[in-house]
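Construct the complete structure from the given sequences, taking the supplied hints into account.
Chains as they are written, first to last, in my numbering: chain U, 40 to 341; chain L, 41 to 378.
Since the hints were made in silico from the structure, they are not lab data. Predicted model, so just to flag it, every value in this text is computed and none were measured. Any given hint could be a false lead.
[Said to hold, decoys possible] With a straight-line Cα cutoff of 20 Å, these simulated DMTMM-like cross-link-like pairs (lysine to aspartate or glutamate) come out:
(1) K324/L to E286/L
(2) K324/L to E280/L
(3) K72/U to E171/U
(4) K313/U to D174/L
(5) K313/U to E280/L
(6) K72/U to D225/U
Each chain is listed here by its residues.
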Amino acid sequence: MQQFFQQLVNGLTIGSIYALVALGYTMVYGILKMINFAHGELFMIGSFLAFTLIVSVGLMNIIPSPMVGLLIVFLFVACLVAILGVLLERTAYRPLRRSTRLAPLVSALGASIFLQNAIMLIYGGGYLVFPENLVPNINWNIGGVNIGLMRVLILFLSLSLMAALYLLVQKTRLGAAMRACSLDHDTARLMGINVDRIIALVFIIGPALGAIAGIMVGLYYRQINFTMGWAYGLRAFTAAILGGIGNIPGAMVGGLLLGVFETIGAGYVSAAWKDAISFLILILILILRPTGLLGERVAEKV
Amino acid sequence: MLANPRKPNKLWYLYLALGAGALIYPLVANAYWLDVANFFGIYVLLGLSLNIIVGYVGLFNLGHAAFYAVGAYTTAILSTRFHVPVLLLLPVSAILAAFVGYVVSRPILHLRGDYLCIVTIGFGEIVRITLNNDPFGLTGGPNGIMGIARPELFGFRVYQPLHYYFLIWFLVLLTIFALKRLENSRIGRAWNYIREDELAAAAMGIDVNRLKLLAFMLGAGLAGVAGNIYASKMTVIAPESFSFWESVVMFCIVVLGGPGSIPGIMVGALGMFVLPELFRGFVKARMLVFGLAMILMMIFRPAGLWPAQRYREAVREEEDKRLPADQELKTTSGGLKG
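What follows is the structure in structure tokens.
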């Protein structure tokens, strides 16, 4: 039982990271009806930029308080990746908005390959290792379950970001405009909404959240590699499908659930099959319940 | 308008020249370049097999390496364990891969576009992970399987690059001939119809699900053939040869070359496989260039380098439709008066 709770805590930690990345997929899908394959790469670039700031620039030595230093890293990297996200949309997706459905898909795949290899050429193909103890190594032991400060911070940060996004989308005028765009671009335009700006906004928020998730992975696992965007991206996408794509709370629930499934599966079934679990869930969900757990949108049938 | 297919085409001279070139090539090429031609042939086969699914029917499949793997591993396991002749395993690999294609595609055919693409990615990854995890000690885990036999026919053993050159290109030619026939048959036209408008095709009495299944099975079976050749050519196979990137390369061959177009597939395979071979020095930047090429192609030449005739017309029509649609919008809002 103790082991179960430990796995649960581990699963929620990694699940909240999946959820943050999944939000980027689900928002883009909600508004543009396309899968932004390059989103995982933006997530990966987030952690590489953080690595550059922390290790190559040595930001943590310049700034006395580690927490302030980390905060600067998070904000700065999120801004950079958001800019990259907007650039990506401008160059690779916007020219294709009125073309067939195959075109943006291929273009997104191309962008993903391009970004991944660009990072490989710049940083090399091996693993990069984050320094130890960027977050103080404090652990609490509650009923035999080991909970570190790192995990608490990850959970807290991602849950509050998700809550903020939820409020933004549900309670503000901007959020109403986003929801309008997700229903119908032309009608939204008739209502005086600048659709291009809303799309740009989605490509700011999504990549920024992804970048934050990327930094957290760097801090938590400490090892980063240029292929990680693909691995996490596909899982996050599974999370988005699990919750119902296009549905923001769905992505959060899906991410947390997937994280828990995966760690419990790896703990109780077999670690070697851990990667297969998420793909199996993905396929089963699409076959059995394509709308996802909380989904309103139906996976296109006709 | 369709060009009259009976009209003697200038392209025939090109094909003749290419055929003559292919016969002279082994005389001038050394073993290394013969092997380049051999792998080019294998990729053409793979491209053609994926083309049935992606090009003819318009179903996105990014897990094609899985079928290729099924063919290769079937050959490898049966050849090393039971010493079944490799040439006999060619149809066995094809049938087994086609069967896997059937089992996999059956429940997911109703999905379209991006969803199908994602499911096939997931399936491809599951196959790769399975091969890596060595179920029942069959696949040899990450090291793969060694010591696969060579094909033998009436006592003639195929093992030199030159032998393979003729074996592979004979298969490629046979496949092209068969696909060309298929393209213009009832089935081929029905496939194109499904790609252009599934609903209308169904309304015209085309059994959409059955034809999609057929496309998946044929494509998977042909990939199984390629897998058989690959396994006997290499004599060693490992899961890393069937990774997601392999699927991406096949997908790129089809999409960049021209979906639905057989010469397009040749051009695509040439671009994806032979060009990098020529620029070995830039091998690291190879995928970077491919990524960029994919984006640029979609923006400037969405139907591929050598588009299929039918595809070309579909795209042109799409362009024509855009203008009247905009006009229609204006007239309807003005027409509210009456």
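Against the structure, the hints come out as follows:
Of the supplied pair hints, the one linking K324/L and E286/L holds, its CA atoms being roughly 16 Å apart against a limit of 20 Å. Under the criterion of a C-alpha separation no larger than 20 Å, the hint pairing K324/L with E280/L is consistent with the structure, at around 18 Å. Straight-line distance between C-alpha atoms of K72/U and E171/U comes to about 41 Å, which puts the hinted pair past the 20 Å bound. Straight-line distance between C-alpha atoms of K313/U and D174/L comes to about 15 Å, which keeps the hinted pair within the 20 Å bound.
As the CA atoms of K313/U and E280/L are separated by approximately 18 Å, the hinted pair is consistent with the 20 Å bound. Proposed proximity of K72/U and D225/U is supported: the alpha carbons are some 14 Å apart, at most 20 Å.
In summary, the one numbered hint that this structure violates is 3.
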